[in-house]
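Following the hints, complete the assembly by docking chain S with the ligands onto the known chain R.
Number of protein chains: 2
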Amino acid sequence: MEPRGVSVSAVLPAGGSGERLGGTTPKQFCAVQGRPLVSYAVRAMERISWISDIIVVVSSENIATMKTIIEKYGHKRVTVVEGGVTRHRSIFNGLKVFAEKEFSSHLLQKPEVVIIHDAVRPFVEEDILSKVVMAAKEHGAAGAIRPLVSTVIASAADGCLDHSLERARYRASEMPQAFLFDVIYEAYQQCTDYDLDYGTECLHLALKYCKTNAKLVEGTTDLWKVTYKRDLYAAESIIKDNLSQEVCVITDAKETAAQVGFLLSESLKSQIKVEAVSISQSKCDSHLQNILSGQCYNFVCVNVHLDTSENNSFSIGVEELTSIKKFARETKKKNILVYGLLIQYKAWGCKRPPDVILFMSLIKRKYPEEIGPNRLRNRKLTDSNYK
Amino acid sequence: MEPRGVSVSAVLPAGGSGERLGGTTPKQFCAVQGRPLVSYAVRAMERISWISDIIVVVSSENIATMKTIIEKYGHKRVTVVEGGVTRHRSIFNGLKVFAEKEFSSHLLQKPEVVIIHDAVRPFVEEDILSKVVMAAKEHGAAGAIRPLVSTVIASAADGCLDHSLERARYRASEMPQAFLFDVIYEAYQQCTDYDLDYGTECLHLALKYCKTNAKLVEGTTDLWKVTYKRDLYAAESIIKDNLSQEVCVITDAKETAAQVGFLLSESLKSQIKVEAVSISQSKCDSHLQNILSGQCYNFVCVNVHLDTSENNSFSIGVEELTSIKKFARETKKKNILVYGLLIQYKAWGCKRPPDVILFMSLIKRKYPEEIGPNRLRNRKLTDSNYK
Ligand SMILES: [Mg+2]
Ligand SMILES: [Mg+2]
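Note that the protein sequences, when read in sequence, are chains R and S.
Residue numbers for the first sequence follow UniProt numbering, beginning at 1 and rising by one.
Residue numbers for the second sequence follow UniProt numbering, beginning at 1 and rising by one.
It is possible that part of the hints are untrue.
If several chains are the same, the list does not tell them apart, and a pair holds so long as it fits within one copy or across any two.
To be verified - Lysine to any residue pairs mimicking SDA-like chemistry, simulated, CA-CA at most 25 Å apart:
| # | residue 1 | residue 2 |
| --- | --- | --- |
| 1 | K273 | F262 |
| 2 | K137 | S164 |
| 3 | K211 | A157 |
| 4 | K76 | R4 |
| 5 | K211 | A154 |
For the record, the hints were derived by calculation from the structure and aren't laboratory data.
Only chain R is shown next, with the shape it has when bound in the complex:
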């Protein structure tokens, strides 16, 4: 998957004004599940080890906001650059950081290939990034495309139909795109003010000024751009769905707890990606912060407790509960939800696998934030959501 023998960095223009959303907050800063959209796009880049630097270009009034976001979500390898008044001018500014000493006090290493991706396309995967990078290395430029959803038509001056385009011959140009750095930088240096002010398509500049015909790469449906309010709704639902695709089973290091955790993770493996971690509860904070910092947002933690008391009531130590609650509040900022699974050791035994169906229904719910202890009070297993 990793493109071999090529250095890669990325530029994310995030200077748009979001007029089409009808709101005052630019769409890249709109909160989706409590986190700004731009943070998802940065996260998507950051997860990929072979991307060296991530340049986020924002308008001057949003530089402080962007720096706060980077701090809050612990983003790494990100440089914030001030944008221009148009999309092309912003991208050009982002590229200059690699090329012009006077533009940046800290000149970054010029990459062989630069990815250009939108801050408002949060779901980009390594596969398509790798494909456009390899195609750009070979062809000089490459971009993701998608089939047209609607027929495209040309109107005449009188507001009537002039002609309609044959849908099969055309494609929608999407992001990510990738370029040999020297090709796209040359194109920006050569192009006119008219291009910089009214153009939007980088592939077009590479063709016009460097005679580089970009390779077109079929992208997946999740590359779409958040443009309207309905797209924010859709992004939110997708993120909620993703949240329930991966589980990390965290147990106390005590033998009985670790054993239950092992059985649980084995049972879940047929349905979901599972990682099992056993650590001492007292070391929860520092250990888990390390484990989780490298992970993506679609991650659910499970805390398994054992109650070995003789009677039939559940119990959990106040100190332990406080520690988990604190941890859950921390991870929630990163869209990681912590569920507590309190298993009555005596009634349950420790050979029988936990009730996976109940568990899956808990973590597959589309609205995890709605889950409270009351909801599941009468279930066989008692679950608590500590957020």
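For chain S with the ligands alone, coordinates are given in the frame of chain R:
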């Protein structure tokens, strides 16, 4: 708003296979808030009094399903027609019901203008329908358009960029479209098998076979087509939002209750569309069914009860509660949610307006189905959700 001096009917092709959704259920039959998408589109047409007949064209295997949907949601003025193997053949079949005696045992009155709209565009408003109908009456054909979201490009045979289109010159062709019946029917009769099998654009047929240049009408953002799974998510969120845009305050006919209901509806008017109805509780079922049958889905009913007991506890008669619960179950099938607002008469007095902020937060919640009595147990006003 009503187009004057013109008879109008509508054809809704609903024969698509929904391949792009990645599921087996065609998208028009996917449930959104528990109700099939096609039912929203039919409802949107049905609400408009000047549309005479609504022809829904479905594939033969879905005729029974469609008839069940019509029955279940009480749709009126709808005729189900068997589709062809392509979109154009399905629309043609829908039009034949108005024109060919041998095709239908019950020949419908031929309209002067026919609207063509997709079953997977659930949010069409009277305004745009009226505009395309009036434009079709004048120009012979008309269709809604939207700005392009992405740049459109043409690829060469080698999979590389050939050229990109200048975005400002082109538009996306959307639905609804409208035609003089004789124009579009003539176009379908004239067109080739190739057109019927591979074409998708009715405006193109009207131009090619009847020399009719359709008038293009700027549509609103909500005309988009449900194509991918994310569009279903978006539709669901929009429907949930709409649900909390209108309120009907229903009170008992007793003077005190009606008085409280009046104050409540007056207080709410600054924030939401309100209709106030006072009826005797015993006649609740039949009266309300009549009131609500003409309404669209985005409707919330409020039931105001007065508790005049001397002590500080709330109370409501079991019989009354049972009757409301039954009613709420019925209306929920139509996506109308009934909330009960139990007001302690003595403590509250009857001059002070009810707590509108609390009330708005209740009905503006995006997930009304999650509201249970427990959630609000400790509030000043007691609300119950009877679903
Ligand atoms: Mg571009
Ligand atoms: Mg058409």
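To see whether the hints hold, each was checked on the structure:
For the homomeric pair K273 and F262, the shortest alpha-carbon distance inside one copy (14 Å) is at most 25 Å, but the shortest distance between copies (55 Å) is not. Within a single copy, K137 and S164 get their C-alpha atoms only as close as 36 Å, which misses the 25 Å cut-off; across copies the closest is 22 Å, which meets it. Only between protomers do K211 and A157 lie at most 25 Å apart by alpha-carbon distance; the minimum there is 17 Å, versus 33 Å within a single protomer. For the identical chains of this complex, K76 and R4 are intra-copy neighbours only, at 23 Å inside a copy versus 63 Å across copies, given an alpha-carbon limit of 25 Å.
With identical chains, the CA atoms of K211 and A154 are at most 25 Å apart between copies only, with a shortest distance of 16 Å across copies and 27 Å within one.
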